[in-house]
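Each protein sequence line maps, in turn, to chains A and B. Just so we're aligned, residue 10 is where the first sequence starts under our numbering, counting upward by one. Just so we're aligned, residue 10 is where the second sequence starts under our numbering, counting upward by one.
Think of the hints as simulated: they come from the structure by calculation, not from any bench. Please note that a few of the clues may not be correct.
No copy labels: a pair is met if it fits in one copy or bridges any two.
Claimed, not checked - Within a straight-line C-alpha distance of at most 27 Å, the following computed DSS-like cross-link-like pairs (lysine-lysine) qualify:
no.	residue 1	residue 2
1	K323	K84
2	K84	K358
3	K358	K215
4	K242	K394
5	K215	K84
6	K91	K323
7	K215	K15
8	K91	K231
9	K191	K323
10	K394	K91
11	K91	K358
12	K215	K91
13	K191	K394
14	K394	K358
15	K198	K323
16	K198	K15
17	K395	K358
18	K323	K358
Protein chains: 2
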Amino acid sequence: MHRFFKITRQSQNSRARLGEITTPHGVIQTPVFMPVGTQGTVKAMRPDELAQMGAEIILGNTYHLYLRPGHELIKKQGGLHKFMNWPGPILTDSGGYQVFSLGKDPEDRQGARSDANLNSTRTTKLARITEEGVYFQSHIDGQEHLMTPELSIEIQRALGADILMVFDDCTPYPATLGETRKSMERSLKWEERSLVEFRGGDSGNKNLFAIVQGGMYPELRKECFERLMEMGKFSGFAMGGLSVGEPINQMYELADYTGSLIPNDYPRYLMGVGMPADLVTCVDYGIDLFDCVIPTRNARNGMLFTVDGFIYIKQAQFAEDERPIDPSCVCYTCRNYSRAYLRHLHLAKELLSSVLSTLHNLHYYLNLIRDMRTAIVADRYPEFKKEFLERISS
Amino acid sequence: MHRFFKITRQSQNSRARLGEITTPHGVIQTPVFMPVGTQGTVKAMRPDELAQMGAEIILGNTYHLYLRPGHELIKKQGGLHKFMNWPGPILTDSGGYQVFSLGKDPEDRQGARSDANLNSTRTTKLARITEEGVYFQSHIDGQEHLMTPELSIEIQRALGADILMVFDDCTPYPATLGETRKSMERSLKWEERSLVEFRGGDSGNKNLFAIVQGGMYPELRKECFERLMEMGKFSGFAMGGLSVGEPINQMYELADYTGSLIPNDYPRYLMGVGMPADLVTCVDYGIDLFDCVIPTRNARNGMLFTVDGFIYIKQAQFAEDERPIDPSCVCYTCRNYSRAYLRHLHLAKELLSSVLSTLHNLHYYLNLIRDMRTAIVADRYPEFKKEFLERISS
Numbered sequence: 010m011h012r013f014f015k016i017t018r019q020s021q022n023s024r025a026r027l028g029e030i031t032t033p034h035g036v037i038q039t040p041v042f043m044p045v046g047t048q049g050t051v052k053a054m055r056p057d058e059l060a061q062m063g064a065e066i067i068l069g070n071t072y073h074l075y076l077r078p079g080h081e082l083i084k085k086q087g088g089l090h091k092f093m094n095w096p097g098p099i100l101t102d103s104g105g106y107q108v109f110s111l112g113k114d115p116e117d118r119q120g121a122r123s124d125a126n127l128n129s130t131r132t133t134k135l136a137r138i139t140e141e142g143v144y145f146q147s148h149i150d151g152q153e154h155l156m157t158p159e160l161s162i163e164i165q166r167a168l169g170a171d172i173l174m175v176f177d178d179c180t181p182y183p184a185t186l187g188e189t190r191k192s193m194e195r196s197l198k199w200e201e202r203s204l205v206e207f208r209g210g211d212s213g214n215k216n217l218f219a220i221v222q223g224g225m226y227p228e229l230r231k232e233c234f235e236r237l238m239e240m241g242k243f244s245g246f247a248m249g250g251l252s253v254g255e256p257i258n259q260m261y262e263l264a265d266y267t268g269s270l271i272p273n274d275y276p277r278y279l280m281g282v283g284m285p286a287d288l289v290t291c292v293d294y295g296i297d298l299f300d301c302v303i304p305t306r307n308a309r310n311g312m313l314f315t316v317d318g319f320i321y322i323k324q325a326q327f328a329e330d331e332r333p334i335d336p337s338c339v340c341y342t343c344r345n346y347s348r349a350y351l352r353h354l355h356l357a358k359e360l361l362s363s364v365l366s367t368l369h370n371l372h373y374y375l376n377l378i379r380d381m382r383t384a385i386v387a388d389r390y391p392e393f394k395k396e397f398l399e400r401i402s403s
Numbered sequence: 010m011h012r013f014f015k016i017t018r019q020s021q022n023s024r025a026r027l028g029e030i031t032t033p034h035g036v037i038q039t040p041v042f043m044p045v046g047t048q049g050t051v052k053a054m055r056p057d058e059l060a061q062m063g064a065e066i067i068l069g070n071t072y073h074l075y076l077r078p079g080h081e082l083i084k085k086q087g088g089l090h091k092f093m094n095w096p097g098p099i100l101t102d103s104g105g106y107q108v109f110s111l112g113k114d115p116e117d118r119q120g121a122r123s124d125a126n127l128n129s130t131r132t133t134k135l136a137r138i139t140e141e142g143v144y145f146q147s148h149i150d151g152q153e154h155l156m157t158p159e160l161s162i163e164i165q166r167a168l169g170a171d172i173l174m175v176f177d178d179c180t181p182y183p184a185t186l187g188e189t190r191k192s193m194e195r196s197l198k199w200e201e202r203s204l205v206e207f208r209g210g211d212s213g214n215k216n217l218f219a220i221v222q223g224g225m226y227p228e229l230r231k232e233c234f235e236r237l238m239e240m241g242k243f244s245g246f247a248m249g250g251l252s253v254g255e256p257i258n259q260m261y262e263l264a265d266y267t268g269s270l271i272p273n274d275y276p277r278y279l280m281g282v283g284m285p286a287d288l289v290t291c292v293d294y295g296i297d298l299f300d301c302v303i304p305t306r307n308a309r310n311g312m313l314f315t316v317d318g319f320i321y322i323k324q325a326q327f328a329e330d331e332r333p334i335d336p337s338c339v340c341y342t343c344r345n346y347s348r349a350y351l352r353h354l355h356l357a358k359e360l361l362s363s364v365l366s367t368l369h370n371l372h373y374y375l376n377l378i379r380d381m382r383t384a385i386v387a388d389r390y391p392e393f394k395k396e397f398l399e400r401i402s403s
């Protein structure tokens with residue numbers, strides 16, 4: 010039914026599964042973690058470094074590339090793959106999130122739009138939401154732009170994305186049931202317009218994912234999913250509006266529940282999540298795709314992942330520590346550098362600090378995904394998950 | 010006589026020559042360009058990237074590494090080579106220049122100490138010079154330190170440098186004959202103390218270079234060189250106090266003249282120079298070693314070298330330019346990226362901009378050195394120089 014996605018192995022004692030997604034730029038294995046390449050580059054990484062450490066697909070940001078250097082320019086340059094020299098698959102977000110979170114760290118996916126209200130036309134600090142779309146000011150030059158579902162799809166098509174995302178309305182947190190429903194209804198209208206635009210234009214053999222909204226309300230998540238399913242032509246389903254400030258257990262419950270709504274033969278994508286424990290936990294719910302800036306952004310801030318958690322490399326205890334970040338890690342950084350050296354680079358604000366730290370953290374995430382796949386093959390995912398969560402909290 | 014240095018080919022129609030310098034960490038070919046690794050890293054470069062593009066020796070900064078992370082720490086970590094994962098030779102400067110240029114860009118070698126006067130004890134903004142040495146304030150935490158010839162050698166030894174430099178007094182520009190002589194006399198005393206310290210301690214099979222000072226006065230350059238030669242135990246001679254703000258032709262004349270003083274069987278090192286045309290010109294004077302931050306610092310500022318000069322990548326004319334920086338260049342950057350993409354990265358202040366631009370500029374310098382060596386082998390250095398200078402000025 011969905012040649013795009015094929016389950017290659019289903020755990021017997023968990024909802025975790027292995028799958029394959031076939032895109033115009035190659036086949037990817039799931040579960041998968043997508044490094045974030047906001048501005049046409051995964052920060053500090055050469056594409057060949059990404060490929061060497063096993064990255065299979067990366068995420069590009071529609072909002073940022075639309076504003077700079079512009080999607081038309083990238084299209085003329087042969088598309089985003091050629092422009093940034095990444096030959097593998099690319100998923101683009103829709104810009105729906107970013108148009109609300111302007112003026113913040115472009116990589117910050119937390120706590121956006123806390124000043125929003127949910128009247129039919131509501132205003133955030135820099136964005137104004139109407140039925141037509143979102144008026145927003147560029148964070149670069151202050152110019153006003155209007156982002157619509159149609160424009161978002163046009164941009165993603167110009168970029169040449171392999172997987173496109175619908176344009177949706179990001180429900181703020183916290184929000185009442187009534188506010189959340191209003192936001193969800195808008196999302197459903199915009200998602201349908203995204204689908205119409207996607208099917209009306211020349212989208213080749215690209216694929217469009219829907220986004221299930223509904224905030225913190227399971228009944229709205231269910232209704233939203235069912236109405237999206239009725240639209241009938243999506244290649245996969247994402248879960249939006251999670252990891253926006255709610256308690257972690259509530260996030261897990263909603264990911265678990267929403268994941269259970271989506272039939273097995275569709276890929277499930279949990280957007281913007283998360284920490285290693287989140288990935289390990291949510292793969293158990295049958296979730297297949299993840300993206301997050303944590304490994305890259307936190308690398309630049311000196312938070313480095315280890316087999317039993319993470320360390321802050323700036324701490325004085327590492328000043329003369331000759332060990333690598335993680336003695337069990339085989340990444341380029343751990344094979345060649347001590348904590349003492351990495352601490353020095355971090356304190357000296359050297360560019361190589363970002364390079365070596367990002368290399369390590371992304372390798373950690375991609376290796377964690379490989380470990381999860383191995384556990385699924387061995388039909389011991391629940392044991393793997395238990396051991397992992399115990400180890401990092403010990 | 011000097012097993013350390015061997016001339017392997019002498020041009021018949023120029024003073025340009027090929028040589029070999031044997032160090033504890035390998036043999037290097039001269040003429041050679043040394044990328045600058047100020048804080049224990051050539052900015053934005055992995056050491057394997059440097060090796061791949063043909064870097065044979067790098068320069069480390071005594072001043073910076075003394076202040077952070079400290080030479081004792083690096084020594085305990087096994088020395089600078091191991092600490093920074095660079096297996097090849099390292100030359101360290103003495104810190105003599107940096108103690109006067111604090112509070113400026115650590116890579117800025119231009120225009121230091123213009124506020125200096127040359128009384129027996131003179132004071133710059135952050136440094137106070139006495140016969141004993143230089144009192145200076147750390148640019149990191151404001152603490153006062155005293156740098157002496159003895160301490161400089163001790164630091165360089167702790168770092169494990171293959172080639173050490175004497176601690177000298179950097180003559181400001183401009184300076185009168187009397188001021189320059191006073192500064193030169195101080196340099197000679199400090200260089201002799203450096204030599205005593207070097208020979209008194211355990212310096213293994215390391216080598217110490219003297220620095221010929223004398224400002225803009227050929228007669229002082231001559232006297233300085235002769236008195237250094239009488240000290241008798243240096244492995245090579247550097248020219249200091251050039252490219253400090255004087256007209257370029259004056260720099261050339263002094264490099265030419267000072268180079269002619271140094272016997273053929275010693276390596277000649279022109280410190281802190283320079284632009285590509287400077288290297289091509291000064292190799293013709295029989296100069297063998299160069300270091301400069303221009304390729305790395307200017308890369309980060311978007312100045313990229315090409316076969317006929319350079320471009321500023323931020324210019325609007327490159328917005329949709331699909332060509333590489335230089336169509337004749339075979340570096341990783343030019344094989345994979347367009348000017349349009351590099352301009353985008355530069356404007357977006359992406360880390361990868363520094364990585365790709367530094368890769369290209371260093372490759373350009375190292376390739377230029379290879380071209381010079383080829384011309385020397387073919388006994389056509391004068392023609393090579395003429396063609397090069399005509400091409401970049403056209």
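- Return the numbers of the hints above that this structure violates; sort them in rising order. 3, 4, 8, 9, 10, 13, 14, 15, 16, 17
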